[in-house]
Structure formats: structure tokens, C-alpha cells
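K.L.:
Protein chains in written order, with the working numbering: chain A, 732 to 1233; chain B, -17 to 105.
Treat the hints with care, since some could be wrong.
In silico DSS-like pairs for lysine-lysine, Cα to Cα no more than 27 Å straight-line [claimed, not checked]:
{"id": "1", "chain 1": "B", "residue 1": "Lys40", "chain 2": "B", "residue 2": "Lys102"}
{"id": "2", "chain 1": "A", "residue 1": "Lys888", "chain 2": "B", "residue 2": "Lys102"}
{"id": "3", "chain 1": "A", "residue 1": "Lys1089", "chain 2": "A", "residue 2": "Lys841"}
{"id": "4", "chain 1": "A", "residue 1": "Lys888", "chain 2": "A", "residue 2": "Lys841"}
{"id": "5", "chain 1": "B", "residue 1": "Lys38", "chain 2": "B", "residue 2": "Lys102"}
{"id": "6", "chain 1": "A", "residue 1": "Lys888", "chain 2": "A", "residue 2": "Lys1089"}
{"id": "7", "chain 1": "B", "residue 1": "Lys11", "chain 2": "A", "residue 2": "Lys888"}
{"id": "8", "chain 1": "B", "residue 1": "Lys16", "chain 2": "A", "residue 2": "Lys888"}
Honestly, the hints are just simulated from the structure, not real lab data.
Note that the structure is a prediction, hence the values are computed from the model and not measured.
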Amino acid sequence: MIEANLPLLVPLTFLILALLIPLIGVRVPGAAYPLALAAVLASIPMAGFGLFRVIEGGPVTYTLGGWEAPVGIELVLDPLASFLTLVVTVVSCLVLIHARHVASVEHPDKRVPYYSLVLLLLAGFCGILSTGDLFNLYVFLEISSLAGYGLVAIGDKRSPVAAYRYLILGSVGTGFYLLGIGFIYVMSGSLNMADLARILPHILDQPPVLSGLILMVTGIGLKMALFPLHFWLPDAYSSASSATSALLAPLGTKVGAYILIRVLFFVFDPAEVEQRVPIASVIAWLSAAGVLYGSLMALAQQELKRMLAYSSVAQIGYIGLGLGMANPLGFTGAVLHILNHAFMKAALFLVAGNLRVKVGHSNIADMDQRLSRQMPWSMAALVVAALSMIGLPPTAGFFSKWYLVLGGIQGSDWVFVAVILLGGLLNAIYFFRVVERVYLPFRKGSSDHAAADGVQEVVESREVRLSMLAPTLVLAGGLLVLGLASSFLVNRVIQLMIPPGL
Amino acid sequence: MEIEFIAGHNLYWIISLLLLVGLYGMLAKRNLVKKLVGMNIFQTSIILFYVAIASKKKATVPVIDAALGSVDPAHYINPLPHTLMLTAIVVSVATTGVGFALLISIFRRYGTLDEDTLLKRMR
């Protein structure tokens, strides 16, 4: 009974609670947070059971309203979808535990709409992950986008401007996606993904089908901030409140990457498409450029959140690179990197949030050695996450880059291998810039003063409260666990996701 | 052949033109309200595209009743794109609403809706 409903359960829980919170929150504003947390906590076992069930017994489908597949809308939970649903729920749960204090410090008067929008965003994400219908995906994409625009607007003084830019570019993205579906629908007469996968090989030579695919990929590229369609991302992530950017940065662009995987590898046959238009190669080359561009821009930033936002552009590049290689190893690397980057970026943005709450800023230039003694645990989490971003073993980041490099070697794409290694080097430079300030005593300029004072200065602990520290440490510790468990993950879980066409 | 290519698809040419006008408005106009107008034109052109692909000459509503339309399915207009567009119109209205809310918020904080002035005041 419950198994058949699994694909619907998680998005429905979020959707119902997202609507309940404003209704209850009008009377009892304090109820908003417990309700949101309850929804996310309840969704983790559902998502976990879904993944377990799918690995044991194959995909689960749910037909909405009892209308059978090609006519009606079906929700499908396959290994890829159920795995990413679990990642979304776990990461969002940790971020939400952390967000309670951040939200009450950064925007105390907007808590009810904030939590409602968070759940709406998650409902959109989980709906995108579980739907088996292209137009239904568009609807969920718009739900998550609209919630995202609202969330970005709850932030510092500039945030409405960043949200407005995000809205304009986001609408172009979803508009292109919708237009692309229209092209494909005209030629195929179907919107169901499994049905399309059967029809498309016969009509792939028709120009509208290929134009439709290009339009869709352009639209998705805008939503996932694939270089050079990333303009909206740095402003949106750095202006939004810390709680929002910790939620949007690890998950938002990853869901975009998921749509790309779904359309490019499951609806279309990548090898057949590649013979007609080199979409995968274009994505790979743009991503390679994105890795270098994002890393170089991150190097130039003076503010931690903005640096992390540009670093997201680079990390999206890694994912796109793995997908663009269009071979099983590159695909494995890309999926593993979606998981790892969700944990790394969440951990890093939580550290940035901790800094903002306790120190009041996150400017890299104003950080100094005192931080490592005042906030030892947060800074330790920063170091672990930074090592993972660079890709040093045994952290998780090493293993996804390892598979990406293997994928590059398998496809003899030596330029991509070089870009991945160079990207890791640039990552090392821009993270050590921060780590060096926090841990090494000698500083230019004010160094004499600080060094002289440092001896007598009594360092009082300014570590954040447990509700903020615990999620940060769990995410950072999770990076080590994921690193150690990566061979298990690849062999038992990701192996099942590799699309048949690869 | 060229004449037929243009004249035979004049509806699609108009839709493409609208799409480009909308895109131009969204990306090139410096006034934020005009960007939103551009966004609406852009979305309307996509809605028109869907309505256009569903239409058929000498066809009628898909109701199996001779009094209302026709009992022959060959004479039906495809209703699916229309229903899809009902959803898309709702989405478009919601996006416009969020856009206006953001514009009000921007105007309250910076006192302008011109992008150049705004960028100066944001510094």
C-alpha cells in the first residue's frame, strides 16, 4: 500500500505543510519552525525507504488520478531519483536545524513566510526528481523557482535586486524549456518520458525535435547556472540570507543538473543525438571553461559567500564535464559529485552563516588567527570542506574527481583531465587563502600589533550554539564518511543509475 | 518556395517576432518595469505557440455530441495544449506577481526603477 505511493509521498508532505504553515502561522508564528522541521524529518525515512525499495525491487511508479501512463501523469522513483531525493531531504534537514537561529537573527519578522517558502522549494525539488512527465516537470520547476525568488529576496538590502535579476533570467530559462517541450510534443504527440524514449529514436532526424532538445538544454543550462549562463548566481547567493544560500547553493543547481541528466540520457539517446548535434561535447567544453572561469573569479573575491558562489559555478562545471564526457565513468563521477558538492557547499555556507552570526561579517580580508581559537570547531569544518573541495583523499571530493579523471582518460579527453587537475589546484589556492588567514599567526600590516597582543590576549570562545554547530560538523564529518563509503556507493547504488544508452 | 515558406507559416513568424521582442525587452531595456513587460510578451508568445499547434481548420470542440460539435474525432481540436497553457498562464501570472512585489521592494529601498541609477545607488 505505502510502497505504491512512495513517489508521491515526499513532495506531497512538503506541499501540504507549505500550505499549512501560513494558515497556522497567522495565529501561532512560533509553530512555523517545528512544522517545517517535522516535515523534513518525516521525509527522510520516506526517502530512505524509497531508495531501499527501489534498489531491492526496481522502479516504483505512481499514476496520478489513476490515469494510465502515456495519457495521464506518472511519478517514477528510479535509482537516480530516489537517491537524489534522499540527498535533498538529508541536506535540507541539516540546513534547517541550522537555520533556526540564523533566521531569528537575520530576518526575525519573516519567519512564517520563510519556512513556508522553504517547504515549497523542497516540494518543487522533490517533485522534479520524482516526476515522469516533461510538462509536470516544468510545473514543479516553476514551483521551486518561484519559491527560490522569494527566498533570495529575504536577505540583505540588495537582495530584492538580486532576486529580480534571478527572476528575469530564470523566466527566460523556464520559457526556453517550455518552448522546447512544445517542439517535441508537436512531433511526438507525447509528454511522458518513458513513452518519449520509445518514440524519439524514430523521429530523431526531424529538425524540430533537435531544435526542441537544444532549447530545453539552454533553458536547463540557465537554471543550473552552466557557464556562460551563470550571471544570476553570484548575486543571488551572496545577497540572500545565510540560511537561504546554504539551502539553494547545494541543492538548487543540482536539481538543474538532474533535469539535464534526465532529458539528455534517459529521454534522448546520447549516442544517437551526438551523431546529429554535438550537444554533449558543447556542454563538456562550456563546463571546462566554467571550471576555470569560476575558480579564477573565486580567487578574486573578497567576501566568503561570494567566493563560494563563484566556486559553485566551477563545481557545476565539474558535473557538466562528467555528463558531457557521456561515458559511464564520467557519469558516475558527475552523480557522485552532485552528492559530494551538496555536502561540501552546505558545510561551507553553514560556516559562512556561523561567521555572520558570531563575527558579523564574512570578509576574507578581515579574518585573522583569532578566529581559529574563538571558533575552533567551525574552522575545523571549514578546513575539512575545503580539503574536500580541493579533492584530497580521504575526503569525498577526491573520489568524485577521481572518477571524472578516469572518465576523461577513458574517452581520451586529455584537455578535460588537465582542466580537472588545474581546477583542483585553483581550488587549493583560493581555499588556502582563507585557511592561511585563520590558522597562520604571521600577518602583514597589523601583524606586529596582533602578534604582540596575541600572547596576553585572553581568547574567549565565540563558538556558535549547538543547534548551529552540530549540523556544520555532521556535514563536514559526512564528507569523510562519504569518502570512505564511496566505493560502496558507486558499486551498490550509482551503478544502477547508469542509463542504458551509455 | 520562399514566398510559401513565409506566407504559409505567417502565424509562426508573428510568434517568433513576439518571442524576440520579449527577449529584447527582458535583456536590453534599462527600466525594470519594461523588463517585466518583456517577460510577459515572451511568455505570451510561448502560450500562443502552444495554442497555434493545437488549432486546425474546420475543426471544433472535442465533445462527443453532434449538437455541440462533432462525433468524429478527426474534427476535434487537440485540447491538451490548451489545458497545458492554462497551467502556464497561471505560472506566468504568479511570476508577474512576484516580479511586481520585488519591484515595490526595490523602489522602497532605492527610490528608483532605472537599472543604471539603481546600480549607482547600490554602491
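K.L.:
Against which earlier hints does the structure fall short, listed by number upward?
P.N.:
1, 5
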